[in-house]
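Colleague: Sequence:
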Amino acid sequence: RYVNRKNYHSINCQVVCDHNLMIRSTVVCRRGSTHDAFILGQSSIAASLSNGIYGDGWLLGDSGYPLRAWLLTPFNDPTTAAQRRYNLALKSARSTIERVFRVLKARFRCLDRSGGGLQFTPERCVKIILSCMYLHNLAHRLQIEDDGEEKIRQILLDEFDDDVNTQEVSAETRVRDSVVQNYFS
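In terms of full-length UniProt numbering, the numbers along the sequence shown are unbroken and rise by one, the last being 185.
In short, the hints are calculated from the structure, not lab data. Keep in mind that a hint or two might mislead.
Ranges of calculated distance between the beta carbons of each label pair, as one might list FRET restraints [to be verified]:
(1) D77 to C110: 38 to 46 Å
(2) R174 to R85: 15 to 23 Å
(3) L138 to D177: 36 to 44 Å
Lysine to any residue pairs mimicking SDA-like chemistry, simulated, CA-CA at most 25 Å apart [what the hints assert, rightly or not]:
(4) K127 to I39
(5) K91 to G115
(6) K127 to D56
(7) K91 to A37
(8) K6 to I144
(9) K105 to M22
(10) K6 to Y65
(11) K91 to R102
(12) K105 to Y134
(13) K91 to P78
(14) K127 to N137
(15) K105 to R174
(16) K91 to R174
(17) K105 to L118
(18) K127 to T96
(19) K105 to R94
(20) K127 to A93
(21) K127 to H9
(22) K127 to I144
(23) K91 to L71
(24) K91 to N20
(25) K127 to S10
(26) K91 to F101
(27) K91 to L118
(28) K91 to Q14
(29) K91 to W70
(30) K91 to I45
(31) K91 to F38
(32) K127 to T34
(33) K6 to N20
(34) K127 to R31
(35) K91 to D56
(36) K105 to E145
(37) K127 to V15
(38) K127 to R24
(39) K105 to V16
(40) K127 to S114
Every residue gets a Cβ at the ideal spot worked out from N, C-alpha and C, and that includes glycine.
Generate coordinates for the entire structure from the input sequences, incorporating the hints supplied.
Modeller: See the structure below:
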């Protein structure tokens, strides 16, 4: 049940962060084999964004997510310079969430497989993971540095999963095209 696509046990965590590495929303309760897009689709943040509760703005997602009016994803085959700049900017901006995960795993070694992982029931693991996320935000707010911080700053953009999502809907495509036109052309 909790075996992921890399063939080890895990809990899939959906995390939304801001540009300052603060965790703003999280869902920590799905088995590791659950697809990210499914978790997002079932989450309260997706419903809130769909209903316009947060106003204008977008979440940024990789190509594993479906394009939505509130969720910007990369072009699977960019054909213009503006689309390529958009993809590069999206990839660069998304590095923030990868950095959050690196900071979490460096600060709380129990979250990283190299630290031995969590040898508890899934329910207890969820509580530990959420506690680490709360402590991360507290440490960040109080500006408590971590010894591994410098290593974490060295994000390699080519580590992103660039699988292509081909399920684009025309209304959502128009929103993304508008972003490209207004900000990258």
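Colleague: Each of the hints needs a verdict: does it hold here or not?
Modeller: Right, here's what the structure says about each hint:
1. D77 to C110: 38 to 46 Å: 41 Å, holds
2. R174 to R85: 15 to 23 Å: 19 Å, holds
3. L138 to D177: 36 to 44 Å: 40 Å, holds
4. K127 to I39: 18 Å, holds
5. K91 to G115: Since the Cα atoms of K91 and G115 sit roughly 28 Å apart, the hinted pair is violated (cutoff 25 Å).
6. K127 to D56: 32 Å, violated
7. K91 to A37: 18 Å, holds
8. K6 to I144: With a Cα-Cα distance of about 33 Å, the restraint between K6 and I144 is violated, given a limit of 25 Å.
9. K105 to M22: 15 Å, holds
10. K6 to Y65: 19 Å, holds
11. K91 to R102: Given pair K91, R102 holds - Cα atoms ~16 Å apart, limit 25 Å.
12. K105 to Y134: Holds, at about 14 Å.
13. K91 to P78: 13 Å, holds
14. K127 to N137: 16 Å, holds
15. K105 to R174: Violated, at roughly 37 Å.
16. K91 to R174: Satisfied, since the Cα-Cα distance of roughly 20 Å is no more than 25 Å.
17. K105 to L118: Cα-Cα ~12 Å, so holds.
18. K127 to T96: 24 Å, holds
19. K105 to R94: 18 Å, holds
20. K127 to A93: 29 Å, violated
21. K127 to H9: The given pair, whose Cα atoms are some 16 Å apart, holds under the 25 Å limit.
22. K127 to I144: 22 Å, holds
23. K91 to L71: The given pair, whose Cα atoms are some 14 Å apart, holds under the 25 Å limit.
24. K91 to N20: Given that 25 Å is the threshold and the Cα spacing comes to 17 Å, the pair holds.
25. K127 to S10: 14 Å, holds
26. K91 to F101: 16 Å, holds
27. K91 to L118: 30 Å, violated
28. K91 to Q14: 18 Å, holds
29. K91 to W70: The given pair, whose Cα atoms are some 17 Å apart, holds under the 25 Å limit.
30. K91 to I45: 22 Å, holds
31. K91 to F38: At roughly 21 Å apart (the allowed maximum being 25 Å), F38 and K91 satisfy the hint.
32. K127 to T34: Within the cut-off at roughly 19 Å; holds.
33. K6 to N20: With a Cα-Cα distance of about 30 Å, the restraint between K6 and N20 is violated, given a limit of 25 Å.
34. K127 to R31: Status holds; Cα separation ~14 Å.
35. K91 to D56: 21 Å, holds
36. K105 to E145: 14 Å, holds
37. K127 to V15: Holds, at about 15 Å.
38. K127 to R24: Roughly 17 Å between the alpha carbons, so the hint for K127 and R24 holds.
39. K105 to V16: 16 Å, holds
40. K127 to S114: Given that 25 Å is the threshold and the Cα spacing comes to 20 Å, the pair holds.
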